[in-house]
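Undergrad: So you can see what is in the structure, the chains are spelled out below.
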Amino acid sequence: MTDEERTRLQEVLDQFGPALQRLARSYEENPSLRADLVQEIYVALVRALPTFEARCSLRTFVYRVAHNVGASHAVRATSRRARWVDIEDLDDEPVDVAPAADVGLDRRRRVDRLARLIHQLKPIDRQLTLLFLEGLRTEDMAEITGLSATHVTTKLSRIRAALTRRMGGGS
Amino acid sequence: MNEEQDLRDLWQSQDVPRAEIDVHALSARARQFQTSIRTRNFVEILAALLVAPVFIRTALGTAPLMARIGAALLVAGLGVIVAHIHRHGRSAAEKPPLDGPTQRLVDWHRAELERQRRLVRAVPRWYVGPMVPGMLLFVGGFASEHPHPWLFNAFVYGVCAVVLLAVLWANRVTARHLERQLAELDG
Chain R
1137 MTDEERTRLQ
1147 EVLDQFGPAL
1157 QRLARSYEEN
1167 PSLRADLVQE
1177 IYVALVRALP
1187 TFEARCSLRT
1197 FVYRVAHNVG
1207 ASHAVRATSR
1217 RARWVDIEDL
1227 DDEPVDVAPA
1237 ADVGLDRRRR
1247 VDRLARLIHQ
1257 LKPIDRQLTL
1267 LFLEGLRTED
1277 MAEITGLSAT
1287 HVTTKLSRIR
1297 AALTRRMGGG
1307 S
Chain G
21 MNEEQDLRDL
31 WQSQDVPRAE
41 IDVHALSARA
51 RQFQTSIRTR
61 NFVEILAALL
71 VAPVFIRTAL
81 GTAPLMARIG
91 AALLVAGLGV
101 IVAHIHRHGR
111 SAAEKPPLDG
121 PTQRLVDWHR
131 AELERQRRLV
141 RAVPRWYVGP
151 MVPGMLLFVG
161 GFASEHPHPW
171 LFNAFVYGVC
181 AVVLLAVLWA
191 NRVTARHLER
201 QLAELDG
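Going down the list, the sequences are from chains R and G. The numbering of the first sequence is the numbering used here, which starts it at 1137 and goes up by one. The numbering of the second sequence is the numbering used here, which starts it at 21 and goes up by one.
No lab work stands behind these hints: they were computed from the structure. Each hint should be verified, as a subset may be incorrect.
Said to hold, decoys possible - Covered stretches of chain R, as calculated for chain G (at least 3 residues, CB under 8 Å): (1) 1149-1163; (2) 1178-1187; (3) 1257-1263; (4) 1284-1293.
What the hints assert, rightly or not - Just so you have them, the derived chain R footprint on chain G, three or more residues with Cβ under 8 Å: (5) 23-29; (6) 117-130.
Backbone N, C-alpha and C define an ideal beta-carbon position, used for all residues, glycine too.
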C-alpha cells in the first residue's frame, strides 16, 4: 500500500466513519460481531480503493463496498438472524407511545426500534432504507444498488410509507 | 416530508462508538485475507496427502489381496473427491464483487448458494459413492483374517454405515439451510 493510498484511506475513514458505523449496526445486532463487521468493511475498502477510478463519486463507491460487505455478512449469518420479510410484512408491533421522561432515552428507544425494523429487511430493501436515511439522492441509490431509478423510486415510496407508519410521529 | 426528515435526523443523530483506526494494521489484514484463502486450499490438499499414503502403503504391502484392492480403490476414491472439490469448490475461493452494484452481489450470492446446493445434493455421488467400494473390500479383506470375521464385519461395517449416514444427514441439513437462504434471496 502506497503512502498516497494510505492517506486516501484515512480521509475516507475520517469522512465516512460514523455512517459506516450506522451501516454496520443495521447489518449486525450483536455489538462484538458488529465491531468485527466494521473491521471487515474497512479491510474491504483497503482492498477496493486502489481500483476506484472516479467513474462515480467517492461516496457512491464507499457506500457500495460497505453495503456489499454488510449484505454478504447478513447472507452468511442465516443461523443467527430472524427471517427477512417484505417491506409490507414488517413487524407491526406498536411504537411505545408513552414518551420517556428522559428525551435522550426516548430517542435511543426510537433508534433501536428503527434499527430492529431495518434488520428484518432483505438486502436491497435494507440498503435503500439506509441510503434514504443517510440522505442520498435517488440517482446515487440507483448507481449503488444497480436498480433503475424508476425501480428505486417505487421501492422508496413503499419504504417511506412503511417506516413512517411503523415509527409514528414525533422524534 | 417532515416525518421523513425526522426519521433521517433520528437515524443520523444516534451515538456510534468511535472506532480506533490503524491504517497500517488494516493494510496488513487485507494482505492476510489473501494468505488465508491460499492456506485453506493448501490444508484441503494436505489432508488428502496425509491420508492417501496410508492406503497406498497397504495396497503395496502384504495385506490380504482383497484389502489391498480395497486400499487402492480408496486411494482412487480420495482422488475423485479431491478432483471434485478442486473443480467445483473453486469458486468458493473467488471473492464476491464488492465494488459493483449490490444487485450484482446478490446475484453472485444466489449463484454461489446454487453451486453449493448442487455440490451438497450430489454428495452421495462424488463423496460417499467413490469411497464405498474401497471401504467394503478393505474391511472385508482384513475380516477374512480375523478369528471372528462376522463379529468384526458387523462392528466395522456398522461404524462405517453410521459415519456415512451421519455425512448424508449433515448434508441434508445443509441442503435445507441453503434452500432457506435461496428462498429468502428470491422471495
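Undergrad: Of the hints given before, which are not true for this structure?
TA: The structure conflicts with hint 4 only, although it agrees with all the remaining ones.
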